[in-house]
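Engineer: These protein sequence lines are chains A and B, in that order.
For the first sequence, the numbering used here gives the first residue as 1, with consecutive numbering after it.
For the second sequence, the numbering used here gives the first residue as 1, with consecutive numbering after it.
These aren't lab readings, by the way, just hints derived from the structure by calculation.
Every value quoted in this text rests on a predicted model; they were computed, and no experiment measured them.
The beta-carbon is built from N, C-alpha and C at its ideal position, and this holds for glycine as well.
Do not rely on the hints blindly, as some may be mistaken.
Computed Cβ-Cβ distance ranges for the label pairs, DEER-style [to be verified]:
id, chain 1, residue 1, chain 2, residue 2, range
1, B, Y52, A, K146, 51 to 61 angstroms
2, A, K67, B, H246, 46 to 56 angstroms
3, B, L19, A, K67, 21 to 31 angstroms
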Amino acid sequence: MRTGGGFRVLSLVLGVGLVVLGVLASFSAAAGAVGSFPSKPITVLNSSVAGSPTDVMARQVGQYARKYLGQPMVVVNKPGGGGGVMFAALFAEAADGYTIASLTGAQVAALHAELKKDFSFDNLEFIANVQREPNCLAVKADGPFKTLQDMIDHAKKNPSLKVGGQGTGSALHLMVMLLAEQSGTKLTWVPFGGGAESVTNLLGGTVPVISTSPATVNQYVEAKQMRILAITGDKRMDHLKEVPTFKELGYDIVMLQYRGFAAKKGIPQEAKAKLADAIGKAVAEPGFKEFMKKNSQPEGFLGPEEFTAMAREDFELMGRLMQRLSGNK
Amino acid sequence: MIENLAAGFLLVAKWQNTLAIILGSIVGYLVGALPGLSAGMGIALLLPFTFYMPPLTSLVLLTSLYSAAEYGGSITAVLINVPGEAGATPTTFDGYPLTQKGQPGKALGVSIVASAYAGIASTVALILVSIPLAQIALKFGPPEYFALGVFGLTTVAGLAGKSWIKGFIAVLFGLLITTIGIDAVSGTSRYIFAKPLYEGIPLIPVLVGLFAVSEVFETMEELGEHLVYQKFSGTLPTMQEYLGTHMAMLRGTIIGFIIGIVPGAGKAVASFIAYNEERRASKHPELFGTGVLEGVASPEAANNAVVGGALVPLLSLGIPGSAAAAVLIGAFTIQGLQPGPLLFVKEPGLVYGLFASLLIGNLVMLAMGLLGTKVWAKVLDVPKNILTPIVLTICLFAAYAESSNVFGVWLALIFGILGYFMRKYEFPVAPIVLAIVLGTMIEVSFRRSMILSDGNSSIFVTRPVAMAILLLAVFSVGYQVVRDLRRKPRISGE
């Protein structure tokens with residue numbers, strides 16, 4: 001019978017589908033049951049690709065926090081859109097503490113720019129900060145620029161010097177705009193998808209200068225393929241003693257990039273406290289400290305209150321800078 | 001180098017590492033064969049288990065998984081016309097027709113041999129020339145990606161089937177889809193009407209919908225009409241048939257290896273280009289799409305050669321050549337290792353151990369594939385009225401698993417319906433996949449190029465690599481047009 005066969009198949013499909021749905025539903029119901037937090041793995045969203053400094057930081061923290069949480073922290077990479085893709089994924093989930101984000105000051109600053117209409121700083125809940133480090137300008141070691149002054153001199157004679165880096169309206173971008181303003185040069189920003197892409201384009205000669213984090217380029221500096229011209233910290237870094245700060249060179253550019261964990265506003269206080277506590281203990285582990293040292297990362301743990309205050313201060317500074325710079329255009 | 005490699009083999013011979021190869025290959029087969037689970041996701045899933053393993057064991061496990069997953073995708077492509085991975089899409093063009101002729105064993109045999117051949121050849125290339133070849137990765141700035149994307153799109157001419165117009169409509173539709181989501185250059189949101197669309201339309205639900213769900217709908221229609229029990233044979237190809245595809249494997253390997261080196265281009269681009277080039281190089285291009293073995297060998301070789309290629313910039317520059325290689329970086333860094341310029345100097349044992357494991361891993365994969373062929377082909381003995389709902393369930397689950405979001409399931413169903421009507425009206429569906437794979441790359445790199453050149457489009461012809469690729473694209477289209485024009489009068493004269 002023609003229709004009979006079709007109906008049989010259809011009902012079979014529906015039957016299997018219902019069973020699957022039932023199993024899924026019971027899973028999520030079990031996971032949502034009240035109990036001590038966390039009762040299932042915690043997803044850590046990350047806006048950069050695997051292997052980037054933030055990604056590695058989150059994975060390392062997750063590795064050491066596991067024994068304090070009793071559950072793994074699973075890093076999921078959501079790159080693209082200057083952090084927008086990650087924010088979208090974060091805000092699409094429930095504020096239950098099971099989905100958090102590892103983020104950087106740069107991504108938070110992007111909430112002033114294009115991401116403003118969709119996401120807001122006030123919808124974020126800051127849990128714990130792990131690292132603080134300056135940004136830097138890097139060039140090829142065998143390139144023409146030996147010092148920041150070389151680069152500025154070149155830019156004065158040749159307007160529209162290209163500077164690459166991650167994102168549009170990011171801290172990395174703002175720092176370059178500040179430099180252009182204060183040195184009276186015209187620098188053209190080339191947005192890339194991430195640190196690794198910036199590195200490829202610098203080494204390949206597509207752009208002569210990149211704005212990035214020392215963590216991204218440390219190994220290339222060590223291998224004598226790159227040189228760091230200046231850093232945005234208020235003092236020199238231990239492993240880069242010979243690299244001056246912008247401040248020393250007479251520019252009013254002080255910015256510190258932070259990397260920490262945040263969630264969607266409204267997560268249960270119990271979950272927040274538990275996460276902050278586990279992260280704090282994880283970063284105090286000898287293994288984690290060794291990882292930080294290996295990667296030449298200064299320590300910078302902050303609990304929820306201090307982190308919130310620091311993030312807000314940084315965010316407001318970025319906001320003022322953006323407004324001023326866009327007013328100058 | 002020889003003694004380093006010998007030491008590498010000794011390291012791999014340790015039982016933990018050998019076990020890791022076998023385990024990685026098994027998981028890889030599963031991950032590859034399940035549509036929706038990609039090699040990159042497989043690596044990410046296993047990553048947490050590698051925390052406490054020694055570095056080499058961890059990397060051996062993950063790279064074996066990576067290789068096997070690139071092959072596994074072709075099993076479902078051949079048997080049920082559902083590519084397990086985007087990179088296996090071209091394998092459906094000739095692999096599935098062979099199954100329809102009752103000879104799935106031939107297609108599976110050629111695809112596993114081509115995969116292992118490419119895996120081993122690309123590993124040898126990786127060992128011998130990785131440091132000089134890594135420079136290719138650096139030659140690729142935005143203009144070159146734009147050119148590569150355009151070249152990739154020209155392969156649509158080979159996919160369009162009977163009508164060019166219909167092929168182009170499908171490509172343009174695919175390109176339009178890629179404009180949805182947050183724009184990677186300016187951060188502006190475009191065509192986002194529902195929250196999940198922020199990330200754009202994900203590839204897996206589209207792939208699953210267009211290929212599998214629409215196929216399921218068609219089969220359901222047939223089931224109502226009549227049930228045909230077809231005899232399928234798991235017979236492997238003869239030695240002569242293998243040798244006949246040797247040039248196809250070689251060409252596929254070279255194309256896959258080079259595209260693998262280019263960071264971010266990906267295996268789907270490689271296998272589409274390889275299929276198209278094979279068709280062009282063939283003496284009987286008109287038979288492509290009807291079940292020729294070269295049409296299976298070339299894209300399968302290409303998507304496995306990508307593995308070796310992608311490791312070139314990863315190991316020597318610290319830059320991942322593919323999405324799966326990007327996840328591998330995480331595996332390195334978790335072990336406190338940094339892939340990059342210093343890795344060969346600091347950890348030669350690890351690097352050569354990894355090379356040795358790739359060589360052995362490909363042999364393990366080959367053995368499993370050849371032994372398994374008869375088993376996989378058994379799937380086809382399952383009556384269609386039972387197989388079809390199972391396929392549908394797996395597909396919808398894949399669409400869900402991609403982002404753990406029910407939205408993916410709706411997308412798969414919508415694209416399934418779209419695919420059903422496209423098939424009815426003889427629109428090819430593969431160009432949509434091609435366009436989604438390439439669209440964002442073309443757009444973003446075009447805009448970056450314009451920023452780099454201050455809006456001067458001469459940047460595409462003044463950079464030698466970009467110009468060479470664009471010329472290839474022009475040649476590719478021109479050649480097809482000329483050949484089609486020449487062929488037509490002859491055919492009508494027959």
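Engineer: Evaluate the given range 46 to 56 angstroms for the C-beta pair formed by K67 of chain A and H246 of chain B.
Structural biologist: Holds: the Cβ-Cβ distance is about 54 angstroms, inside 46 to 56 angstroms.
Engineer: Between Y52 of chain B and K146 of chain A, does the C-beta distance stay in 51 to 61 angstroms?
Structural biologist: With a Cβ separation near 45 angstroms, Y52 of chain B and K146 of chain A fall outside 51 to 61 angstroms, so the hint is violated.
Engineer: Range first: 21 to 31 angstroms. Now tell me if the beta carbons of L19 of chain B and K67 of chain A are that far apart.
Structural biologist: Holds, since L19 of chain B and K67 of chain A (Cβ atoms, about 26 angstroms apart) stay within the stated range.
When each numbered hint is compared with the structure, a violation occurs for hint 1 only.
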